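A.B. asks: Take a look at the letters that make up each chain.
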Amino acid sequence: MGGSQSTPKITAQDRAILDLKLQRDKLKQYQKKIQIILDREHEIAKQQLAAGHKDRALIALRRRKYQEGLLVKTDGQLESLEQLVSTIEFSLVEVSVLHGLKQGNAVLKEIHKELNVESVERLLEETAEAREYQREIDNMLTNNLSLDEEDAVQAELKELQQEALHAQRNEETPLSLPDAPTAEPVSSEQGVLRLILLLASLT
Amino acid sequence: MNLSTYKTASGFLLPSIHSAPPFFTQQPNTATQAGFTEQWTRLLLAYARHRRLFTLRLEDAEVPGGEWDEVLRNPRINRRLMPNHLAHVLDVMVSKDLAVYEPAKQMRAVLLYWRSPDEWADVLHEWATNTGQLNTILTFYEISDPPVPSALSGIPESLLRGAIAVLAKSGRAQLISISDGDGVRFFPPRTK
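Those protein sequence lines, which keep their order, are chains A and B. With the working numbering applied, the first sequence corresponds to residues 1 to 203, in that order. With the working numbering applied, the second sequence corresponds to residues 204 to 395, in that order.
Hints in this document: simulated from the structure, not taken from any laboratory. Just so it is clear, the structure is predicted and the values come from calculations on it, not from any experiment. Where a beta carbon is used, it is the ideal one built from N, C-alpha and C, also for glycine. You may find that some hints are simply not true.
Straight-line alpha carbon distances no greater than 20 Å define the calculated SDA-like cross-link-like pairs of lysine to any residue that follow [to be verified]:
| hint | chain 1 | residue 1 | chain 2 | residue 2 |
| --- | --- | --- | --- | --- |
| 1 | A | Lys-32 | B | Val-351 |
| 2 | A | Lys-32 | B | Pro-350 |
| 3 | A | Lys-32 | B | Leu-217 |
| 4 | A | Lys-26 | B | Pro-350 |
| 5 | A | Lys-28 | B | Leu-355 |
| 6 | A | Lys-26 | B | Leu-217 |
| 7 | A | Lys-28 | B | Ser-353 |
If the Cβ cut is set under 8 Å, some of the chain A residues that face chain B in the computed set are [as the list claims (entries may be wrong)]:
| hint | residue |
| --- | --- |
| 8 | Leu-18 |
| 9 | Asp-19 |
| 10 | Thr-87 |
Only chain A is shown next, with the shape it has when bound in the complex (with noise of 0.2 Å):
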């Protein structure tokens, strides 16, 4: 994996925001160094009047408070830094959204090269013309049978509908089926009288 290649070249404005940075934790260190100081001297007073030195104990106390007054000032220091890393930083994102800004107004430009008023009314033209075109030919095919084949298709239209017709008609005729008969069934010697008689009279 070449790492390298792709991370971003260390500009010099990144150098600058990575000195603030370090001089601002240089202070922070520094206050750090006076809290304790503070506390130091804060202790030796109690220790010097405990022992009855009050005027060494006030020269502590005196130190102590020259070092609040330095305190005081580097938080003033710290805080202009911080501001100057936070504005630093801002104006970076603000940069990163103007590039932003520009290359889509870029490919906005680039989209509407392709799509200026001109060339769509020419499309619309040219589809219309097309359509036109379509339609003619159309109408030339159409056109293209001549009276005998005209005709032809006709008759053969009619008596598909006459065939239609037929089936449907057809359809509409009931059944005629025989009745059931209703006269009780005779005996089998009755029956066959009845068969000889009947036989007789067909001859």
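With the hints as your guide, set chain B onto chain A.
C.D. replies: For chain B alone, kept in the frame of chain A given last:
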């Protein structure tokens, strides 16, 4: 002999083996000693993680009053880990990459790897991501001494450098050096 776990003042639960007197003595039998060393390794790393301790010195076994007293000493059975025994344990730990001699070329102090540099790299990158500090230049001081304690508070610089080196290899971080000191910039992981 009453073997039981013991909760220290810092809230760490010592295993029951810690109240066994032989555990504190170097064993002549190598197999037994290897088992004890293993137990000590685990105990030391667990305690280091619990109290976020990064270094362990032979001095901690020699003089009482250090941060390691709760583990290296057991006043309840009147035992303590002897410095040469600790030296042996540390030697094994270094050979297993669970610690390194820090500074190098001496054998009296180690930097404990209760997280390996790879694991620290992940913790570091996660922290940068979660605190919205990707693509921002950070100083080492800012990472190891944040105003609000983080997972990285107090991380030794050598460990931090190691973690950054791991991230730099995969393109997730970049070390920036100027005359006044070093800084680092983190990047979102590349999806490939």
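A.B. asks: Need the list of violated hint numbers for this structure, in ascending order.
C.D. replies: The structure conflicts with hints 3, 6, 10, although it agrees with all the remaining ones.
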